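So you can see what is in the structure, the chains are spelled out below.
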Amino acid sequence: MQHDDVIWDIIGNKQFCSFKVKTKSQNFCRNEYNITGLCNRSSCPLANSQYATIREEKGQCFLYMKVIERAAFPAKMWEKVKLSKNYEKALEQIDENLIYWPRFIRHKCKQRFTKITQYLIRMRKLVLKRQRKLVPLSRKVEQREKRKEEKALIAAQLDNAIEKELLERLKQGTYGDIYNFPVHAFDKALEQQDEESESEEEEDEEEDDEDVGKREFVAEEEVEESDLSDFEDMNKLKTSSDEEEEEESSEEEEEEEEEVEMEVETKASRSKGKSPANGAAARKKRAYVEIEYEQETEPASKSRAT
Amino acid sequence: MDITEVPVSQDNKGKKKKNKKPKKKIVKEEGNGEGSGVEKKEVEKMEKSEAAAAFPPTFSVSEIKNKQRRHLMFMKLKQEKRMQKMQLKKKKKKEREALGDKAPPKEVPKTIENQRVYDETTVDPEDEEVTFDEGTDEFSAYFNGLTNPKVLITTSDRPRGRTVRFCEQLATVIPNAHVYYRRGLALKRVIPQCVSRNFTYLMVINEDRKVPNGMVLCHLPDGPTAHFKISSVRLRKEIKRRGKDPTEHCPEVILNNFTTRLGHSVGRLFAALFPQDPQFVGRQVATFHNQRDFIFFRFHRYIFKNEKKVGIQELGPRFTLKLRSLQKGTFDSKFGEYEWVLKRHEMDACRRKFHL
Chain X
1 MQHDDVIWDI IGNKQFCSFK VKTKSQNFCR NEYNITGLCN RSSCPLANSQ YATIREEKGQ
61 CFLYMKVIER AAFPAKMWEK VKLSKNYEKA LEQIDENLIY WPRFIRHKCK QRFTKITQYL
121 IRMRKLVLKR QRKLVPLSRK VEQREKRKEE KALIAAQLDN AIEKELLERL KQGTYGDIYN
181 FPVHAFDKAL EQQDEESESE EEEDEEEDDE DVGKREFVAE EEVEESDLSD FEDMNKLKTS
241 SDEEEEEESS EEEEEEEEEV EMEVETKASR SKGKSPANGA AARKKRAYVE IEYEQETEPA
301 SKSRAT
Chain P
307 MDITEVPVSQ DNKGKKKKNK KPKKKIVKEE GNGEGSGVEK KEVEKMEKSE AAAAFPPTFS
367 VSEIKNKQRR HLMFMKLKQE KRMQKMQLKK KKKKEREALG DKAPPKEVPK TIENQRVYDE
427 TTVDPEDEEV TFDEGTDEFS AYFNGLTNPK VLITTSDRPR GRTVRFCEQL ATVIPNAHVY
487 YRRGLALKRV IPQCVSRNFT YLMVINEDRK VPNGMVLCHL PDGPTAHFKI SSVRLRKEIK
547 RRGKDPTEHC PEVILNNFTT RLGHSVGRLF AALFPQDPQF VGRQVATFHN QRDFIFFRFH
607 RYIFKNEKKV GIQELGPRFT LKLRSLQKGT FDSKFGEYEW VLKRHEMDAC RRKFHL
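Quick note, the sequences are listed as chains X and P, same order. Using my numbering, the letters of the first sequence map in sequence onto residues 1 to 306. Using my numbering, the letters of the second sequence map in sequence onto residues 307 to 662.
Chain X extracted, bound-state conformation (with noise of 0.2 Å):
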């Protein structure tokens, strides 16, 4: 006999009920007959002997109903009755079965069967948008290529590389004027400077034998300031070479010998020290100025020269 009240006297509060499912607010029916998933009185599927639910199986609605001629057979006690595709007509048919059945079941029948219509359109919706496709990693894997990629980085010695490829570039000619310092001209004007200074000391200590003894006559050039470290000179200049004017003649000539050799001996003291870049133009009008230096530091041709 089935005695709905025992049944529910003992399961629901009293002892165990292995469908139950206890939080702190609520307790959940697991069975998977029931019809709104809590634990109550009205919605035990084994406490109520005339009960009925919707439940989906691939996508198809189905209405069980389980009545109390029918206790006796479990496995005859739910009829299966399959539901429409058409949502309106679905609801006709569940109120068709479900005809003088008590108002709840009814009620929470249409309920379950609009939310499960209603997940199934999400999910044929789903299906159709953009699926995430879950790839597994291999830990090993990760970890071998992460490795690789070090090592590869260390050999990449990417800075190095980095700042080949420029040079190189640079090199090329595809940075045009923009960087003043163009490889080969550059380095062409220096060599040839090194070139100029070597020839002017040989020729140098050539006409040391030369122009001793010999006679100039030393015309006045135009001054060229790069030789002069400031005006100071230039009048220096202006006024040893009136000084020198009025001197007599013999003198002059004594001089001019004596400038000779100064400078022949100042261009080989100077040419060795600094780059003789203005040539011979500059030698004569030296002449002038160098005199004065060379009896400071020379007090041989000091005596001369007074």
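If you are wondering where the hints come from, they were derived from the structure by calculation, not from laboratory data. Please read all numbers here as calculations on a predicted model, not as lab measurements. Any given hint might turn out to be false.
[Said to hold, decoys possible] Looking from chain P toward chain X, a few residues come up when the C-beta cut is under 7 Å (computed):
(1) Ala492
(2) Phe586
(3) Thr593
(4) Phe600
(5) Tyr608
(6) Phe610
[To be verified] Residues from chain P that keep clear of chain X, each with C-beta distances beyond 12 Å, as calculated:
(7) Phe365
(8) Met389
(9) Gly406
(10) Asp407
(11) Lys412
(12) Thr427
(13) Glu432
(14) Asp443
(15) Arg503
(16) Met509
(17) Thr565
(18) Phe576
Think of the CB as a built atom: it goes at the ideal place given N, C-alpha and C, for glycine as much as any other residue.
Use these hints to put chain P onto chain X, whose structure you have.
What follows is chain P alone, placed relative to chain X:
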């Protein structure tokens, strides 16, 4: 008996450690004391070990059951090998010094790059077929100066902060790039829209666990699509000794080490991201350096100190890419025609084989 046997065993012990000698001796003596059967065994043992002492050990170290002794023997073996190696080295060095100028040139050490398996698709600079192909492929429009690159950068769904910042920084590095928020749109629908708005590139940064880990680079008017794996992303603030933010000047591009046909196509893919005429005033350079199939991206500002020296300062984000697949048309994962796909088992088997 003991007396005759002991000196023999002493020879054998020369092989083993000294502190073992007295132990063994005692054991042997005890053994000898026990009986003739034992003695016979010992004689056999002696003979064996005699033989062993005479020739280089034909037994391997792993046959010794005792762990400590085995370990000791192994250590000894290693030490001997090391000594031999050192002696060989010293000898060679002496020979080299003795010969002076006539010494044979130093051997080049083997590196993975030296030992690389020759790839038959390596591009010859004079190869006509390659030049013809490159003249008529999808990038010819760009390389002939007809199109200007316009890049759309987006992410996968719901990007996290790191990815968003990464995209922003990428947009500063690549001139004419726009970042758009992906509102769950399907790429197949995004692509026609991009084409209609004259974009030339679509770049999608995929995110996993709040970190960018993949990039899909799609050349737009039906160009090739490349799918990369991104690793070691460093955002601007994580880079040490970096310079100020990059300016709006178009950077130069350096592509290093793209040797094979595949490498060439990937290289062109990257080159077409940037406008054709770089502004040298900006002194910025973006580098894609391929090493062992890893593509390292760096963004620097350079300055020439003199004609032999250049200083570089890193700005901008840095990341590493690894090519996973190259597809002929635009992004289509189901029906696309794949030119190249990374197949782990086949391609990872040989350590010296690379594809880019």
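Hint-by-hint comparison with the structure:
1. Ala492: 5 Å, holds
2. Phe586: 5 Å, holds
3. Thr593: Nearest chain X Cβ about 5 Å off; hint holds.
4. Phe600: The hint holds - Phe600 of chain P has a Cβ within 7 Å of chain X, the shortest such distance being about 5 Å.
5. Tyr608: 6 Å, holds
6. Phe610: It holds, given that the least Cβ distance between Phe610 of chain P and chain X is near 5 Å, below 7 Å.
7. Phe365: 35 Å, holds
8. Met389: 30 Å, holds
9. Gly406: Correct as stated: the minimum Cβ-Cβ distance to chain X is 32 Å, above 12 Å.
10. Asp407: 30 Å, holds
11. Lys412: Holds, since 20 Å exceeds 12 Å.
12. Thr427: Its Cβ never comes within 12 Å of chain X, the nearest being 20 Å, so this holds.
13. Glu432: Check passes; 19 Å lies beyond 12 Å.
14. Asp443: For Asp443 of chain P, whose nearest Cβ neighbour in chain X is about 25 Å away, the distance exceeds 12 Å, so it holds.
15. Arg503: The assertion about Arg503 of chain P holds, with a minimum of 22 Å to chain X.
16. Met509: 18 Å, holds
17. Thr565: For Thr565 of chain P, whose nearest Cβ neighbour in chain X is about 14 Å away, the distance exceeds 12 Å, so it holds.
18. Phe576: Consistent with the label, Phe576 of chain P stays out of reach of chain X, its closest Cβ about 15 Å off (over 12 Å).
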